[in-house]
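Line by line, the protein sequences are chains A and B. Final position of the first sequence in the numbering used here is 511; the numbers increase by one with none missing. Final position of the second sequence in the numbering used here is 491; the numbers increase by one with none missing.
Worth double-checking, as some hints may not be accurate.
[Stated by the list, open to error] Sample of chain A residues facing chain B (criterion: CB under 10 Å; computed from the structure): (1) 153; (2) 156; (3) 158; (4) 186; (5) 202; (6) 246; (7) 314; (8) 355; (9) 357; (10) 387; (11) 451.
Bear in mind the hints are in silico, worked out from the structure with no lab data behind them. Just so it is clear, CB atoms sit at the ideal spot from N, CA and C, and this is done for glycine as well.
Each chain, letter by letter, is given below.
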Amino acid sequence: MRNVTIIGAGPAGLAAAIAARDAGAHVLLLERAKELGGILNQCIHNGFGLYRFREELTGPEYAGRFIDGLHDIDIRTDTMVLEISSGSVTAVNPKDGLFTVTSDAVILAMGCRERTRGAIGVPGDRPAGVFTAGAAQRYMNIEGLRIGKRAVILGSGDIGLIMARRMTLEGAEVAACVELMPYSSGLNRNIVQCLHDFDIPLYLSHTVTRIIGRSRLEAVEVAEVGPDRKPVPGTEFRIDCDTLLLSVGLIPENELTRAAGIAIDPHTNGPVVYDDMETTQKGVYACGNVVQVHDLVDFVSDEGERAGRAAASGQPEGAYTEVQPGSGVGYVVPQRIRHEGAEDTVTLFFRVRKPCRKGSLVVYDGEREVLRKKRLYMTPGEMEKLPISRELASTAETLTVTMEEDT
Amino acid sequence: MRYDCIIIGGGVIGCATAYTLAHCQLRTLLVEAENDVAMGTTRANSAIVHAGYDAIPGSAMARTNIRGNELMESLCRRLDVRFERIGSLVLGFSEDDLSTLKKLYERGIKNGVRGLALLDREQTLEKEPNLAANVTGSLYAPTTGIVDPWGLALAMAQVAARNGVEFAFSSPVTAITRKENGFFVTAGGQTYDTRTVVNAAGVYSDIIHGMIGGDSFHITPDRGAYYVLDKSQGKLVSHVIFQCPTEKGKGVLVSSTVHGNLIVGPDAVPQTDRADVAATAESLDYIRRTALLSVPGINFRENIRNFAGIRARGTPDFIIGPSPVDPRFINLAGIQSPGLTAAPAIAQEAAAWLRMAGLKLEERDDFIDGRTHIEFRRQPREVQARMIRENPAYGRVICRCETITEGEILDALHAPLPPRTVDGVKRRCGTGMGRCQGGFCGPRVHEILARELGVAMWEIEKDRPGSQIALGETKEADV
Numbered sequence: 105m106r107n108v109t110i111i112g113a114g115p116a117g118l119a120a121a122i123a124a125r126d127a128g129a130h131v132l133l134l135e136r137a138k139e140l141g142g143i144l145n146q147c148i149h150n151g152f153g154l155y156r157f158r159e160e161l162t163g164p165e166y167a168g169r170f171i172d173g174l175h176d177i178d179i180r181t182d183t184m185v186l187e188i189s190s191g192s193v194t195a196v197n198p199k200d201g202l203f204t205v206t207s208d209a210v211i212l213a214m215g216c217r218e219r220t221r222g223a224i225g226v227p228g229d230r231p232a233g234v235f236t237a238g239a240a241q242r243y244m245n246i247e248g249l250r251i252g253k254r255a256v257i258l259g260s261g262d263i264g265l266i267m268a269r270r271m272t273l274e275g276a277e278v279a280a281c282v283e284l285m286p287y288s289s290g291l292n293r294n295i296v297q298c299l300h301d302f303d304i305p306l307y308l309s310h311t312v313t314r315i316i317g318r319s320r321l322e323a324v325e326v327a328e329v330g331p332d333r334k335p336v337p338g339t340e341f342r343i344d345c346d347t348l349l350l351s352v353g354l355i356p357e358n359e360l361t362r363a364a365g366i367a368i369d370p371h372t373n374g375p376v377v378y379d380d381m382e383t384t385q386k387g388v389y390a391c392g393n394v395v396q397v398h399d400l401v402d403f404v405s406d407e408g409e410r411a412g413r414a415a416a417s418g419q420p421e422g423a424y425t426e427v428q429p430g431s432g433v434g435y436v437v438p439q440r441i442r443h444e445g446a447e448d449t450v451t452l453f454f455r456v457r458k459p460c461r462k463g464s465l466v467v468y469d470g471e472r473e474v475l476r477k478k479r480l481y482m483t484p485g486e487m488e489k490l491p492i493s494r495e496l497a498s499t500a501e502t503l504t505v506t507m508e509e510d511t
Numbered sequence: 013m014r015y016d017c018i019i020i021g022g023g024v025i026g027c028a029t030a031y032t033l034a035h036c037q038l039r040t041l042l043v044e045a046e047n048d049v050a051m052g053t054t055r056a057n058s059a060i061v062h063a064g065y066d067a068i069p070g071s072a073m074a075r076t077n078i079r080g081n082e083l084m085e086s087l088c089r090r091l092d093v094r095f096e097r098i099g100s101l102v103l104g105f106s107e108d109d110l111s112t113l114k115k116l117y118e119r120g121i122k123n124g125v126r127g128l129a130l131l132d133r134e135q136t137l138e139k140e141p142n143l144a145a146n147v148t149g150s151l152y153a154p155t156t157g158i159v160d161p162w163g164l165a166l167a168m169a170q171v172a173a174r175n176g177v178e179f180a181f182s183s184p185v186t187a188i189t190r191k192e193n194g195f196f197v198t199a200g201g202q203t204y205d206t207r208t209v210v211n212a213a214g215v216y217s218d219i220i221h222g223m224i225g226g227d228s229f230h231i232t233p234d235r236g237a238y239y240v241l242d243k244s245q246g247k248l249v250s251h252v253i254f255q256c257p258t259e260k261g262k263g264v265l266v267s268s269t270v271h272g273n274l275i276v277g278p279d280a281v282p283q284t285d286r287a288d289v290a291a292t293a294e295s296l297d298y299i300r301r302t303a304l305l306s307v308p309g310i311n312f313r314e315n316i317r318n319f320a321g322i323r324a325r326g327t328p329d330f331i332i333g334p335s336p337v338d339p340r341f342i343n344l345a346g347i348q349s350p351g352l353t354a355a356p357a358i359a360q361e362a363a364a365w366l367r368m369a370g371l372k373l374e375e376r377d378d379f380i381d382g383r384t385h386i387e388f389r390r391q392p393r394e395v396q397a398r399m400i401r402e403n404p405a406y407g408r409v410i411c412r413c414e415t416i417t418e419g420e421i422l423d424a425l426h427a428p429l430p431p432r433t434v435d436g437v438k439r440r441c442g443t444g445m446g447r448c449q450g451g452f453c454g455p456r457v458h459e460i461l462a463r464e465l466g467v468a469m470w471e472i473e474k475d476r477p478g479s480q481i482a483l484g485e486t487k488e489a490d491v
């Protein structure tokens, strides 16, 4: 029986744990929070599980479906992993103290973190009232606290959009959602259900240029940006508000991964993975937002199951084909497709770089076109999925995924 | 109730003075306008312990810089404050620069700086391979160091408090009245009777001096902004990298910090508003461009925080000594850079002036020096294991980016001068200083603070008064 240690019990880790156990492994599941479920616990809105369960569940309900299936799994919550090295995981918790476990496989499922004010360098004062959208969500939904009366949302990522609706429902006024790009980076359904339905104005090609307020936020200065994404002088206007939510992107949390010497893809900021979710280090697998930032939890669970099954069986090493992003595509996961594998079809996940009405996804092997699929609408806010046969992949030198707009 | 000395200001200068006076049989009170120590210039500066080649020979700056640099290492060891003597390079990029470096070298020798050396291009690049290739030479100063500035101020204040120095926070001084045997100092609505006053009020020191009719100096503050980059950039340089001062300005510095990050800055913008610490887009743009001239490989996408601080400029030299108005009123004013370095020496001089003013500085025989500050993440694994066995709270990691445990937060809350705000915990423990900037641990720190202080979460402030993070509970709004 193989031992599998899983780091993180959010949707990816939960699905991996169940799949690995079902495949016959002995599973140890480590979670840094006191509860299982990860970020799903604070996502009290519905819309989770449409693909997987054909139901609209809330985040905690979605997590509950998996938590209910966790029998015969060794679970340690309140447990923080300090280090991974060659199959050993060192962690601490108040009950067991500091401990090191060695196992046949490790699955990384640490999720991601939010980009902060520092990452985007917003000038101005440093008052209270500036939150990342996820931190604000935790304050409202877990701590039960009201965080502001009048808010501006910077960035139209999904968490920001969800929080615009959430704050409105809680009696706050959301004065504006401000997006640097000429299009939203969130799911279309969230734009409609969270902004349009509540008459919240969306300022595309705008950004916050100054934060004003010495104790608590008093206002933000907003300006239009040009094609270079730099503020256009003279277009500044002031919006009085006591809350600024930042929804400006997510970063896979790979400090443990880097420290373990596992190769990181500069396009995803996540580990390079094979189609069975194994990283470049034998026996170490990864799944969920630690690999790539997903839109929908259903696909996170799929990825977790794939990692769990592979970790439980232990794939032999073998030949593989590299997959890389080409023109119009930001990244591709997996970065490597094994020539031998359990499934005959491998799905490529990626995002296009800009919105496109009517176009095609085209895969090349070197100069040679090997696959072409038409798409009616593509946008960076929605992850693309493209199935490709393993046989086709295994005969290719290198696969390059591109997007072509119809002219 | 009568004090021997009231120190006005809880920055590094006031805290160093409190620590020095705590050694003596005196009744001392430190009054601070803000709700914590280190809330002004001390918390927003370059965190450099300067070697001392900059100051004019014979000046108070030169004298206290050299002495402060000498005192810093043993002081930080006693108080368990992070200090690393990593040395510095002042870079030259032209013939003119090289002659300026030579002048700085000679000035440093006159000031008594040890170990200075002029390096050629190859020697410079050998020490720092990531410098711009067009560097032509440098001035090397091995005695330059980096320190945790607010940690130093806090440690000195804590030892002072443990030895009987009293602290009154949220107590801005509103009036000082001279009288025959001292002063009445009104601060935070209370009036205190004291024999002497030490004015360590930073950018407000001229206003404080004005309260007894003094107008011998005026502070014209300026503001300097900074970047703090992720630890991924922290090892880009291994010395403090300065640029050669030119008529265009002093340049900006690039250095690792004792916390492992990379600090880049500052600029210098004259200020009329002494409380304005906003970082402007122009400042940040200037600093980024200027720093890249020294170290072209800095990845500013790894920025995690910008801040700006105010410095008390306007006087040609530090002002250390009695007011012309009253010899019992000691000014420690105009303490701009290298004030952090000079603080321990300035405090010793302040004590000497207080003796001249008539205070008896008899050493206490029950003074307890030293302080320990246990950081879980810096301990070897076997020590970490033992710590958790003895106190399970060390096994609960609250700040995942910096690996700060609940045990450390509880230690801070039960130490002298405990934090009352989320940022107060940050300065003491390092929570929220990492790459997620408190996105994950902020609410948890907030919760621990409220629990330990026995107040509701919405009463907890981020930093200054009025900086509440939450307004109340959900479901109580008027919809």
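Comparing the hints with the structure gives:
1. Because the closest C-beta pair between residue 153 of chain A and chain B is about 25 Å apart, greater than 10 Å, the hint is violated.
2. Hint status for residue 156 of chain A: violated, given a least beta-carbon distance of 27 Å to chain B, over 10 Å.
3. Contact between residue 158 of chain A and chain B, as hinted, is not supported at the beta carbon level, the nearest pair being about 31 Å apart and thus beyond 10 Å.
4. For residue 186 of chain A, the interface hint holds, the least distance from its beta-carbon to any beta-carbon of chain B being 7 Å, beneath 10 Å.
5. The beta carbon of residue 202 of chain A is positioned within 10 Å of a beta carbon in chain B (closest approach about 4 Å), and the interface hint is therefore held.
6. Checking residue 246 of chain A against chain B by beta carbon gives a least distance of about 7 Å; that is within 10 Å, so the hint holds.
7. For residue 314 of chain A, the interface hint holds, the least distance from its beta-carbon to any beta-carbon of chain B being 8 Å, beneath 10 Å.
8. Below 10 Å, beta-carbon pairs count as interface contacts, and residue 355 of chain A has one with chain B at about 8 Å; its hint therefore holds.
9. The interface hint given for residue 357 of chain A is met, as the beta carbon of that residue sits about 8 Å from the closest beta carbon of chain B, less than 10 Å.
10. Interface restraint check: residue 387 of chain A against chain B, minimum CB-CB distance 22 Å, threshold 10 Å, status violated.
11. Interface hint at residue 451 of chain A: violated, since its Cβ lies 30 Å from the closest Cβ of chain B, which is beyond the 10 Å cut-off.
Hint check: violations occur at hints 1, 2, 3, 10 and 11; the rest are consistent with the structure.
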